[in-house]
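> One-letter residues, chain by chain:
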Amino acid sequence: MSNVNCILRSFLFLLLLGFLMTCAFVCHAASIPAPNAEALLKQSDTYRNGWPAYVVHVKITDFEAGKSDEEHLYEVSQKGTDKTYVEFMSPREKGRHLLMLGDDMWVYLPDTSRPVRITPLERLTGDASNGDVARTNYAVDYSPAYVRTEKVGAVECHVLELTAKRKGATYQRILYWVRADDARPVRAEFYLTSGKHIKSATFDEYEPFGGKILLHKLTLYDEIRHNSHSVLEYSGAAQRELPDKLFYQGRADRF
Amino acid sequence: MKSAMLIAATLVLAGACRALGQDASSERNALQTRYAVSVFDDATFYGDLRESLPVVLNQVLIEPSFGVRYRERLTFSTSLIGITRSYTDSATQLRVRETYGGISAGDFDFTAGRKMVRWGTGYAFTAAGVLDPPRIPTDPGDRLNVNQGRDLVKADYVRGKHAFTLVWSTAALAPAGVDLRDTTAFRYNVLVRGFDTSLIAGNDRGGDSFGGVTFTRVVGQGWEIHGEGLWREQAAALLGAKCTLHSGVTLIGELYTPPNIPYYRDMSISPRAGRQHYGFFNAGKSRLRELPGWKEWDLSGSIVANLDDRSFTGVVDVNRWFGNHFSSYLHLEIPHGGETSDYGAAPYNTASSIGVRFQL
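These protein sequence lines are chains A and B, in that order. The letter at position 139 of the first sequence is residue 139 when you use our numbering, and the numbering goes up by one with no holes. Start counting at 1 in the second sequence, then tack on 255, and there's your number in our numbering.
Bear in mind the hints are in silico, worked out from the structure with no lab data behind them. Since the structure is predicted, the reported quantities are computational estimates derived from the model, not experimental observations. Backbone N, C-alpha and C define an ideal beta-carbon position, used for all residues, glycine too. Hints may contain errors.
Not everything, but these chain A residues come out facing chain B in the computed CB check (under 10 Å) [to be verified]:
no.	residue
1	21
2	67
3	71
4	104
5	117
6	222
7	223
8	244
9	246
Chain A on its own, in the form it takes in the complex (with noise of 0.2 Å):
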């Protein structure tokens, strides 16, 4: 009988132990602050923006049906978090240039020779939109709130729910998957103002450029025609003095 007690009380004992330790682990999680979101973001923007002004190359090769069936070239100049100037250069689209100051937008084609102004939906046009390619600093665009932290892949990952500051903003609600370690961006689903999922990234590559670790190669996916994905590199990225002209929307004589 005192045998059955011993165990009895052993295992109450060790029923207790493992209560606390529970109790221990689960306080000392809830007492780690949750990670500040606006901090995670601004620094995971430093990987597309690794100076306040600089030129980079994009290819967007676009793929239908795991083909790829067009590529498309541009060189960006960004200066500050709200002036970008994308020069086309593929034979299909040359001669046009785009502008977009804050959340206003303009394109210029060489058939019209003035600047046309584009509507926010307009920037939505393509598997890679205008927007993706001009507009890269979201902690400017969107306010963060941290979600939770889980792990894509084997990489350990916090969630950011990004919400539109602004109705000019590319989209209206991003979820954000950057890496716990560094905050360097991972994955991302873009939604519309209506709640449609209508794209996601994949933050594939990250290479040294002057000195900084940036985003090399980036795919979106399509989420309503699922067979389409465009896979964006970046090369070529340095600091540059960019001219405040280069950004004034009504100069026409572009070169």
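Use these hints to put chain B onto chain A, whose structure you have.
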């Protein structure tokens, strides 16, 4: 005219001296070049011609463009058009679309040569585009790129959100048969509260002085509004809007009313007809990507109407890309109205242009 040329030359030289004197150590690549070549083979078939004219107009166009920029300061750009046209007879012509040099010095830019300037914000019409090439409402995009610039000297001063432009344009080198005058014009452009606004003033030598305003503004997610107003003897006004739907379809509508004065009057309009009123509507979608296999297709339909004599022309444009360099197109115009009306006066019932285009 000589003194104006002298002032222009002085401005350009002063800019050049200042540009060359500036430290360019942190500039982008010292020498940058751009080039493009387009070749069109276009055939237009006229249906039910009222006059004894050939039914087919054949055109081959070669359009090379080249630009070079040195240290973001000096620019030279040229764009030529070679046209071989076979209709009542065959003719070959070389046109200079643009050829100009530019100097950038601090906040100033100076340009001299033949250059396209477009100050109007309208798509199919313009009231305030005092230096713009003529808008053709049935072909507002100038599908064969045959428009030519004005011969001018231009000085731009850009400071923050404010830009000031002074242009003097001469008609001395204008192509034969084009009714142009020497024009001096000034524009102030500013982006304020989302309104891209310009104030324009100037004078045509031996003609009228003019003053006007243009604006564009994006409203909400899918709307853009634009307008122009100009006073030249009488008022001319344009109001338009563009609406983008979630499907990617773009709708453009414009209302335009020019006074019936020689500057604005179309050949087919009687001088006694009074003020004219025009309407334009376009629906189009580039890249029909939602339809499997139609990603390379662009489709658009327009109607342009004279609201006074109720004549109109319907226009259909279809474009299809083959890879990155080749495309083919169909441009169909169907005029309707009385024989003395604005659009009904066209000597054909249909004009269908088909062609192929190569771009490098």
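> Hints first: check each against the structure and report whether it holds.
Structure-based check of each hint:
1. 21: Result: violated, 54 Å to nearest chain B Cβ.
2. 67: 12 Å, violated
3. 71: 7 Å, holds
4. 104: This hint holds: residue 104 of chain A lies near chain B, its Cβ roughly 6 Å from the closest one there, short of 10 Å.
5. 117: Where the cut-off is 10 Å and the nearest Cβ of chain B is about 5 Å from residue 117 of chain A, the hint holds.
6. 222: Where the cut-off is 10 Å and the nearest Cβ of chain B is about 9 Å from residue 222 of chain A, the hint holds.
7. 223: 14 Å, violated
8. 244: 7 Å, holds
9. 246: 9 Å, holds
Checked against the numbered hints above, the structure breaks hints 1, 2, 7 and satisfies the rest.
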